[in-house]
Amino acid sequence: MGGMLMLKTLKRNGFMPLLVVAQVVFALVVLVNTGSLLQQQMAPILAATGVPEGALLLTHQLNSQDAGQDQWSYASLDSAERAVRAIPGVIAVSSGMGTPMSVGGMLVRATPTDARSGRSVDADVFGGDHLVDTLGLHVLRGRDFSDSDYMTGSFIKMYQQTRAALISDTLAQRLFPDGDAVGQEIWMSPKPSKGRDPLRIVGVFSDTLSSQITGPSVHAVLMLPLRMDDFGIVSFMVRVKPAQRDAVMKRLPEVLGTALGMHNPQTMKVERYEDARAARLHGNTVASWLLLTVLGTVSIVVVLGITGLSGFWVQKRTREIGIQRALGARRGDILRQYQFENFLVVCAGAVLGVLLGLIVAEWLRRHFELTSPPLAAWAAGALVLVVFGQLAVLGPARRASRVPPVVATRSV
Amino acid sequence: MLGYYMDLALRSLRRHKMLAALMVLAIALGIGASITMLTVLHNLSGDPLPQRSGVLFHPQVDPRPKDLPGADAEPPDDLTWVDAQNLFHLPGSYPRVLMDGNWLPARAMRGDSLLAMQSDRATTADFFSMFDVPFVYGSGWTAQDDAQHARVVVLSSALNDKLFGGADSVGKQMVIATKTFRVIGVIGPWHPQPRFYDINNDDGPYGKAADMYLPFFTWIDLPQDYGYGSMRCWGNDANAGQHNPKAPQCTWAQLWVQLDSPAQVASYRSALRQYSLQQHELGRFERAPNVRLRGLLDWLDYKRVIPVMVRMQTWIAFGVFLICMLNTIGLMVAKFLRKSGEIGVRRALGASRRDVFAQCLVEAGVIGVAGGLCGLPLAWLGLWMVRQQPVSFAASAHLDLSMLGAALALSLVAALLAGVWPSLRAARVTPALQVKSL
Numbered sequence: 007m008g009g010m011l012m013l014k015t016l017k018r019n020g021f022m023p024l025l026v027v028a029q030v031v032f033a034l035v036v037l038v039n040t041g042s043l044l045q046q047q048m049a050p051i052l053a054a055t056g057v058p059e060g061a062l063l064l065t066h067q068l069n070s071q072d073a074g075q076d077q078w079s080y081a082s083l084d085s086a087e088r089a090v091r092a093i094p095g096v097i098a099v100s101s102g103m104g105t106p107m108s109v110g111g112m113l114v115r116a117t118p119t120d121a122r123s124g125r126s127v128d129a130d131v132f133g134g135d136h137l138v139d140t141l142g143l144h145v146l147r148g149r150d151f152s153d154s155d156y157m158t159g160s161f162i163k164m165y166q167q168t169r170a171a172l173i174s175d176t177l178a179q180r181l182f183p184d185g186d187a188v189g190q191e192i193w194m195s196p197k198p199s200k201g202r203d204p205l206r207i208v209g210v211f212s213d214t215l216s217s218q219i220t221g222p223s224v225h226a227v228l229m230l231p232l233r234m235d236d237f238g239i240v241s242f243m244v245r246v247k248p249a250q251r252d253a254v255m256k257r258l259p260e261v262l263g264t265a266l267g268m269h270n271p272q273t274m275k276v277e278r279y280e281d282a283r284a285a286r287l288h289g290n291t292v293a294s295w296l297l298l299t300v301l302g303t304v305s306i307v308v309v310l311g312i313t314g315l316s317g318f319w320v321q322k323r324t325r326e327i328g329i330q331r332a333l334g335a336r337r338g339d340i341l342r343q344y345q346f347e348n349f350l351v352v353c354a355g356a357v358l359g360v361l362l363g364l365i366v367a368e369w370l371r372r373h374f375e376l377t378s379p380p381l382a383a384w385a386a387g388a389l390v391l392v393v394f395g396q397l398a399v400l401g402p403a404r405r406a407s408r409v410p411p412v413v414a415t416r417s418v
Numbered sequence: 009m010l011g012y013y014m015d016l017a018l019r020s021l022r023r024h025k026m027l028a029a030l031m032v033l034a035i036a037l038g039i040g041a042s043i044t045m046l047t048v049l050h051n052l053s054g055d056p057l058p059q060r061s062g063v064l065f066h067p068q069v070d071p072r073p074k075d076l077p078g079a080d081a082e083p084p085d086d087l088t089w090v091d092a093q094n095l096f097h098l099p100g101s102y103p104r105v106l107m108d109g110n111w112l113p114a115r116a117m118r119g120d121s122l123l124a125m126q127s128d129r130a131t132t133a134d135f136f137s138m139f140d141v142p143f144v145y146g147s148g149w150t151a152q153d154d155a156q157h158a159r160v161v162v163l164s165s166a167l168n169d170k171l172f173g174g175a176d177s178v179g180k181q182m183v184i185a186t187k188t189f190r191v192i193g194v195i196g197p198w199h200p201q202p203r204f205y206d207i208n209n210d211d212g213p214y215g216k217a218a219d220m221y222l223p224f225f226t227w228i229d230l231p232q233d234y235g236y237g238s239m240r241c242w243g244n245d246a247n248a249g250q251h252n253p254k255a256p257q258c259t260w261a262q263l264w265v266q267l268d269s270p271a272q273v274a275s276y277r278s279a280l281r282q283y284s285l286q287q288h289e290l291g292r293f294e295r296a297p298n299v300r301l302r303g304l305l306d307w308l309d310y311k312r313v314i315p316v317m318v319r320m321q322t323w324i325a326f327g328v329f330l331i332c333m334l335n336t337i338g339l340m341v342a343k344f345l346r347k348s349g350e351i352g353v354r355r356a357l358g359a360s361r362r363d364v365f366a367q368c369l370v371e372a373g374v375i376g377v378a379g380g381l382c383g384l385p386l387a388w389l390g391l392w393m394v395r396q397q398p399v400s401f402a403a404s405a406h407l408d409l410s411m412l413g414a415a416l417a418l419s420l421v422a423a424l425l426a427g428v429w430p431s432l433r434a435a436r437v438t439p440a441l442q443v444k445s446l
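So the protein lines, in turn, are chains A and B. Note that the first sequence covers residues 7 to 418 in my numbering. Note that the second sequence covers residues 9 to 446 in my numbering.
Here's a subset of chain A near chain B, in silico, CB distances under 7 Å, partners left out:
no.	residue
1	Q29
2	F32
3	A33
4	N39
5	T40
6	V292
7	L296
8	T303
9	V304
10	G311
11	L315
In silico BS3-like links for lysine-lysine, alpha-carbon gap of 27 Å or less:
no.	chain 1	residue 1	chain 2	residue 2
12	A	K322	B	K347
13	B	K444	A	K322
14	A	K163	A	K197
15	B	K216	B	K187
16	B	K170	B	K180
17	A	K275	B	K216
18	B	K216	B	K311
19	B	K254	A	K163
20	B	K74	A	K197
21	B	K254	B	K187
22	B	K25	B	K347
23	A	K197	B	K254
24	B	K170	B	K187
25	B	K25	A	K322
26	B	K170	A	K275
Note that these hints are calculated values from the structure, not bench results. Every value quoted in this text rests on a predicted model; they were computed, and no experiment measured them. Quick reminder that beta carbons are idealized off the backbone N, C-alpha and C, glycines included.
Full structure from sequences and hints, please.
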C-alpha cells in the first residue's frame, strides 16, 4: 500500500527522480569500466616481487661493442663473475639474458605449451647460470638445474639445444592446473618445431616478477640453463648483504667494467632492484592516479548531485510532508520514506545501468576486442551506488523529517 | 538587452554562491576530463602528412603457402626480400620507396667518438621527396646511388648535434656497422605521427623517426646482425628471419608508391595483380592473386593504430562529461525555480515568456563559459598526467589552440543545452501565484 503511494508520488514529480536515474545509469557504466581499467593498472604494482628485500643489484644490458668486441666469450663472462664475487659483501652473481626489469633489447618472450594437452601460456624467459640462487628465490618442487643441464653456447644454439627448464609457481599452475608440473614436457611455442625434442620441467620455483611486469602475466616466468658464450648483450644480477649494498653498488662498475674490458666502466648503470621496479612501474602508477582521479570525481559529482536534487525535492514537498505529519506520520516514517524512495530510484538506475553497461561492453568487445568487466564487478558497482545514494539522501531526508506538522496549516 | 541579462545573471549567481560554484565545478570537471582525452585522440588520429596522404599508397601481395593454419584472408603487411626487389623494380615512372629500419652501431671518425647504437631507416632515393622531408644541410641521394650501393648517409639534426656539434657535416665521414659512410645531408625536425610508413616496428605506431637514413641496398649488404625491423615469418620456425632477411618465408620490407591520379591507381593495382598471377604461375605464390593497395589513411584505419586504452579512456571521459551535464541540469532547475518569485514579478511587470526564457538561457551561458574557463587548467593538469605515462604516444599530448577553442565552445554549447529545459520550466511560472505568495 505504502509502496504504491510512493510510486504515484514518483510518477507525479517524474522529473527529479528521472535525473537521478540517468545519473546513476551513467555513473555505474563509468565507475565499473574505470574500476576494471584501474585493476589492470594496479595488478603489477601490487604483485609480490618474490626477491629478498634490499639485496639485489642489476646492471643494464651491457653491450660488447663498448668493450670493442663483437661478442663476449663464456670465459670472459665467467672471469667477470668471479671478479665481482670477490667484492666484500657479494653473496652471488649471475650473468644472463631477459632477466628481471630488462627494457627492450634482449627481452625474450615465449609461449610454453604443455606437450600433452596443448595448453599454452605467454611467459618471459630468463636465461642464465644459477639464477634461482642469485635472485634469492626457492625451488618449491623438483630440483634446481644440475651441472649436466647447463648448455654453453650462443643464443640460437642454446635456445635450440636446452632440454631442461624451470617454471614459476604461477606458470606451473596455469600450464598444469590438474597435476604436478615437475617431469612434464613442454614446447617453447604453441606448435612443436620439427626435429626438436620438448623441454622437460625439472622444477618449480617461487614466484617473481617477470621482465615485462606491465604485461598481463606478471608472475609467468620460465628459466633456461644457459651459460652464455659469444653474446653481445649481457645483464648481470648481483645479490649482496643488504647492509653492504650501497658499497658494492659504488664499486661494481669499476670491477665489472675492468673485468669485461669496457672502455668507460664508470658510465655503466647499476640499479637497485627496487629502483628499477619503481621506474618500470612509473607509467602504471601515473595511470592509476589518473583513473583514481576519475573514480573520485565521478563519485563526488554523483553524491553531490543526488544530495542537491533530493534537497530540492524535499523543499518542494515541504507542505506535503507537513500534511503527512499532521495526519499522524512519525518523523521516522518520513525519514524512511525518503530513504526508500531513494533506494527505489537508485536501484532502477542501477538495473538500467547494468543493462546499458553490458550492451556497451559487448559493443566494445566486438569492435575493439576488449575484454569486458566481469559480472561481479557490475554487482559491486551497483551496490556501491546504492550506498552512495543512501549517503547522499541522508541529509535531505533528515531535513524532511524535521518539518513540523504546523507547516500544513500555512498557505503557500 | 543581452548586457542587461548578463548583469542579472551575474547578480543571481552572486546571490547563490554555493549553488553557482557547484554548477561551475560540475561543468569544469566534465570539460577537463573530456578535453584531456579528446586532445590525446585528436593528436593520435591526425593525418601524419596532410598534403600528401591522398597520393601515397601501400601495396601488399600474398606469398604465403595455401594451407597455413590460422591464416586470415588479409595478405601480410610487409614484403619478403624477393617481392620487395621485384615490386621495387616494377616498370612505371611513379615515385616509389622501399624501406626497413633497425639499430646499427655508429660513430664519428674522431678518436674520442664512442660507438653507440643509433636508429636507422634503410630506404631509397625518393623517400625524402615523397614524404616531404625538410633538409637543413645538403640533400638526399639519387637513384644512381641506390643502384651503385653508395655508402652515403643522411642524419637527423639530433644525431648531427651529437656527432658533429650541429655544424654543417656534409662531406664528413662516419662509421656505421664497421664501414665508412659519407654524410650528404642533415634533415630538420620531421616526425609524422603516427609513423605510418612502418607501423609494425618494435616501438609501435607512435615511435620516433630514425636518426640515420641509408640507401636500402647498401644497408642490406652491411656486416650486421641486429635484427631486421618488423620481421614476421610463417611456418614452424618463427625465428627464421632473425639472422637472414632473405629467408623466403619472412616479410619485413615496406614499399610505398606515389600515385597521382585514379588512372594511375587503377593501373598500379592491375600491375600488382599481374605480378601476383605471374608468381602464381611460376609456382612461387601458392595462392591466387590476393593483393591490396591501400591509401595512407585507409592503411592507418585498417591497422587500428589508435591504442585501445585511449579509446576506452575517451569513452570514460565522455561518460564523466555526461554525468556532469545531468548534474548541471538538475542544479539549474533547482536554481531557476528558487527564484520563481523574482520571475513572477518580472512577468507581472510585462516581461514575456520569451524574455524570461532568454534571461535564464543567458545565465546558463555565463555558467558554461565560467565552467569552461575553470575546466582548462584541469584539462592542462590531465594532459600533464598523460604525458607522465612512458608510452610512445604520450609525448604528443599537448593542448593546442584549436583544442582550447573547442573546449570553450563545448562548454558553452553544453551549458546552453543543459539550460534549455530548466529555462523552459522557469518561463512557465504563473505570475499571479508567485506574486501572491511574496
